[in-house]
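Hints given; two lone chains; assemble the complex.
Listed below, chain by chain, are the residues.
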Amino acid sequence: LAKTTQPISMDSYEGQEVNITCSHNNIATNDYITWYQQFPSQGPRFIIQGYKTKVTNEVASLFIPADRKSSTLSLPRVSLSDTAVYYCLVDSGTASKLTFGTGTRLQVTL
Amino acid sequence: DTEVTQTPKHLVMGMTNKKSLKCEQHMGHRAMYWYKQKAKKPPELMFVYSYEKLSINESVPSRFSPECPNSSLLNLHLHALQPEDSALYLCASSQHPGGSGTGELFFGEGSRLTVL
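In the order they appear, the protein sequences are chains A and S. Just so you know, the numbering used here puts 45 at position 37 of the first sequence, and the rest follows in order with no gaps. Just so you know, the numbering used here puts 97 at position 96 of the second sequence, and the rest follows in order with no gaps.
Extracted from the complex, chain S is given alone in its bound form (with noise of 0.2 Å):
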């Protein structure tokens, strides 16, 4: 099993909504990554987790939760967002988060969020 799972794929929230946005993978990968993507724009980094742990947070604002409940699943609790915070949210691991090299980054197909 290669693949890391995004769920919902799509989401349509008001700005007084919390919801949340799950990535779940099953390769043993200890470092779980959160990025966020706007039209025709790369994508940038948000938060890290390494071994389940906070490791970066890459000044993203609070109302944006990140959750690592354990070491296969990834969760953004999303609270109280403007509808400038829609876009593209992409899930990633791999297989450590340091060494020589971090090695293959595997994305999942990312969930589409439009705040309203």
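One chain only, chain A, in its complex shape (with noise of 0.2 Å):
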């Protein structure tokens, strides 16, 4: 089971690019890495999955060295909206293992 680390909280400005950098040294060859961004008393929500390389969608990319050990979320231009808890996942495909870490608390303001 890939244990995820993540910082535990972040602080940015409106208006800056937010990377937030998980790590996950045991991960195996089929795992996928999963990201997922939760407010207050709602569940969470996806972001973003990747494998390897970069990926990039309407909202986040998400960069994933070659030896994949470790991957970054990165949020452009955030704003006020963006205050969450952002939560990594390695999601091996079995719906056991789909075990959250304990996530990063971003903190935007003005």
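FYI, nobody ran anything at the bench for these hints, they're computed from the structure. Any given hint might turn out to be false.
Unchecked claim - Coverage of chain S stretches by chain A, computed from C-beta distances (three or more under 8 Å per stretch; other residues unrestricted): (1) 62-76; (2) 104-110.
To be verified - In silico negatives: residues of chain A with every beta carbon more than 12 Å from chain S: (3) T29; (4) D75; (5) D90.
For every residue, glycine included, the Cβ atom is placed at its ideal position computed from N, Cα and C.
Encoded structure:
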């Protein structure tokens, strides 16, 4: 089971790019990396998933180096509404192993 | 319809009560999950149903009893709970429980449970 490590918290100003890194040293060959966003008293919401190199969608980019032992979620030009907890998960394709790490609390201010 | 609907949103119960939480999805997903989340902590996986069969029970006490009557519905029956069971209970679904990455988990808004 690949354990993930993330910074507990990060602060940013509105309009800046935010990069949140997740360490997953024990990732297995078939594992995917998935990121979720959670606002208080709401369920987590899927942001992005990737296997290697770079994945981009309308809200974020995910960078995964060749060794896949870490990944970086990049949020371009954050706004106040991006204040939330961000979780990195290693998805082995086995439902039982969808375990959330401690998450990173992002605080965006003016 | 890309929603997971959970009811009730809030529930207060005594330690001797029997109550149930309900979760519904109409996306044709074949995997459904129950997570428990305490304040300022990450969600913890409790149960997983794959194709309406219980595939994972993460050592959850028997006072929590899951049920999957059909592919769209997931229940969590509660009996003789303790105050420390107070938490946000989240239901989620995914298209399939295995394969090349489980893919996106769709979460409901959660049911906030308070045990007195």
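Now for the hints, and whether the structure bears them out:
Residues of the stretch 62-76 of chain S lying with their CB closer than 8 Å to a CB of chain A number 0, which falls below the three-residue condition for coverage. Counting residues of the stretch 104-110 of chain S whose C-beta lies closer than 8 Å to any C-beta of chain A gives 7; at least three are required, and the coverage claim holds. Distance to chain S confirms T29 (chain A) as a non-interface residue, since its nearest Cβ pair spans about 17 Å, more than 12 Å. Consistency note on D75 (chain A): stated as away from chain S, and its beta-carbon is indeed over 12 Å from all of that chain's, at 19 Å minimum.
Every CB of chain S is more than 12 Å from the CB of D90 (chain A) (nearest about 18 Å), matching its label as outside the interface.
Taken one by one, the earlier hints fail for this structure only at number 1.
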